[in-house]
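Student: Chain by chain, the residues:
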Amino acid sequence: MVEAVVSSREEFSSSLAGHKAPPANVNAAQWRNALFVAPYLFFFVTMLVFPLVWGIWLSFHKADTFGVGKFVGLANYARLFGDRIFLLSVGNTFYFVLLTVPALALLGLFLALALNRQTRTAAFFRAAYFSSSVLSVTIVTLIWRIVFVPDFGFLATVYGWFDTKAPAFLSDPNLAMIGIAIATIWWCLGLPMMLFLSALQQVPAEIYEAAALDNANRWQTFRSITLPSIKRTFILVVLIQVVLQFQLFGQARLMTQGGPNNASKPIVLYIYDVAFKRWDLGLGAAASEILFILILIAAMAQYFLTRNRGEN
Amino acid sequence: MTRHFRLWIMAATSVAALASASPVFAQDVTEITVQRFFGACDADFGTNTDVTKAVGECGIITSLINKFNADNADIKATVTTVEWPGYDQLTAQFAAGDPPDVVTIHESVLSDYQSKDLLLPLDELLASVGVSADGFTEAGRNGVTKDGKIYGLPIDSWTMLYHINLDLFKQADLLNGDGTPKLPTSVDELMAQAEQFKQKTGKPYFVQNLANETALYTRNLYTYLFQQDSDFFASPTKVKLNTPEAKAVVEMYKKIFDNGYTTKDMDYSAAIQAFLAGEGGVQLNGTWVIGDYTASAETAGTELNKGGYAVNPYPQLFSGKKAQYADGHTWAVSAKDDRTPEQTAAIGKFLKFFAENDFDWSRTGHLPAQKAVLDSAEFKALPHRDTVAPIAALGTPLPSSVQRQFAIQDIVGEEMGAAITGQKEIDAALADAESRINELLANL
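For the record, the sequence lines run as chains A and B.
Counting from 1, one number per residue, gives the positions in the first sequence under the numbering used here.
Counting from 1, one number per residue, gives the positions in the second sequence under the numbering used here.
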């Protein structure tokens, strides 16, 4: 039987050889292979690489919205680092990342653990907690404005029942960023929860059965089985959120307009104000490059952390 | 026969469909794009063409444009409504080469766009439709004239005012014998009256939107700097704010804040709600709410209906010239190369329509920009115009050569807010405001 198959293959090969030359190495580099990536490459270059290079070029020029002026070297960067509002916005952005990312990771994990079961109630709550993620930033900030607005807001009403004054989340410089963080956590919690849920559902049930046979308690099971199993997802969630929250804009723009006195102004809002309100495009481009570097560092951290994990 | 009839019907239908889709018909209607702020109210006025039935800025401008479209079957003014003030969007539109044909622009902002040759000088266009700049009020004409040319059709002059709850003023014993409100004539008198108001009503004298706000702080500062004869913009590219005059104004507002003579933590809409709910005696707001507040005062059961509503210019608190900060709204026309003569003519008709209907617009509470309307008995008969009429003479804008006035407003407001609410020392805030504005103006 085997001989018959081998013999028929040889006949087939020789018949092919009789008609045309043997095929070239399909792995050999050929220019036409680039056609496969050309559509993506076109958009990548025009929509990402070109604007990036253009932005860097602009940051070295005195430019407004309607034209590029003279080359000014690093003057825009010097102005930027001499501008206390910019430095404040960098600090605000880090503070916001610190407020939101751990909370999103831990709350997302907690919810995923609580809702990782096949019941209707769990399915309902999974949908409920994820539902806020589908809202636009405009709706989210409108909802939280109704909660926070003094005298007439939901919070003011609740505090009013106890004859106390609600904290001024929209106008107190110490609370403004916290108010934005609360709205953001409420808005963004769905994605981390879903990522953790999918990771939890990939942990083999046999390991938990083995742990149960070993009389491991819940905490031991969580610490020794669950956490190590979802560690990569945890890192992924943290880094996705770091990159996302660094780009805070809409919530701050719509809830506090970066105030009071720039206490809740993030870098992107600073860039927006400088480029579109002051028409100082060169300075805005320079600030954008700083933000790009900060996000690049976060993205590289993700790359190295996950790569090391893979090698281990 | 039936077959022939069916064929005839089908052929006729096809011809009709082709004809209606042909450019011959499309050319009959000239489309112009109009972009405006003043809010959206399509649910109430989306189809209203009876302007007399409309109230408020949004209602009146929506109805006016509806009426223009209804009166001019050959023109279609397509409206885009933007969030106030809409300049970020407009700047981006200009940069992208796709600005609207006609757009609302404050007089204080015209210079930004005019200096970049983005606006069309309107002298010829207005003359072609019989609108003369001689008919504009002095404030309106000055506001739209740049380098000797007209760059906008002024539609109003506006300023900030004292909107007063007379019921609370009565409770505070702050009414004159004729029922008009007693207003202060000095800073000390203002503090004494505010204290008296607080003692007698248990409520703050002022309802102010101090949260997420920059415009109110800035307009207040400008007004009281004018009243002290401070020439803080002697040069259009350099401001002087670290001065005793500015300090006096900020100290006054800080004292009002510290002594609880004002509402705190409210944004703009919350402040309006609070005033309508009788939460304080005086709301600092613009001419544009006179119509709405008058309507509220005439509605039984409202807080303003209890004792009435009055509106006055800011009181003269300092010994300098009688003045208060003012600005105006205009319709400006973008400079476009690809505009057809028909579109230009349609824009001319649009501007003429607004010039001719300035009275309707003045029902919002703004002062009209047409002298004839300002002097008319019809305008003078509108509620409260007798008390606000003096702002035609009091109204003082910043020098029109000062650019980026809205960005400057943000800086002044941020620093002044920080000083008033105690986040910063007054001297430091004024010094920072001055240096930040000068840095901005040095890099235009």
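Just so you know, the hints here were simulated from the structure itself, not pulled from any lab data.
Please note that the accuracy of each hint is not assured.
Stretch-level coverage of chain A by chain B, calculated; a stretch enters the list once three of its residues show a Cβ under 8 angstroms from a Cβ in chain B [claimed, not checked]: (1) 142-151; (2) 166-173; (3) 279-285.
No residue lacks a Cβ here, since even glycine has one placed at the ideal position from N, Cα and C.
Student: Among all the numbered hints in the text so far, which are the ones the structure does not match?
Tutor: Failing hints: none at all.
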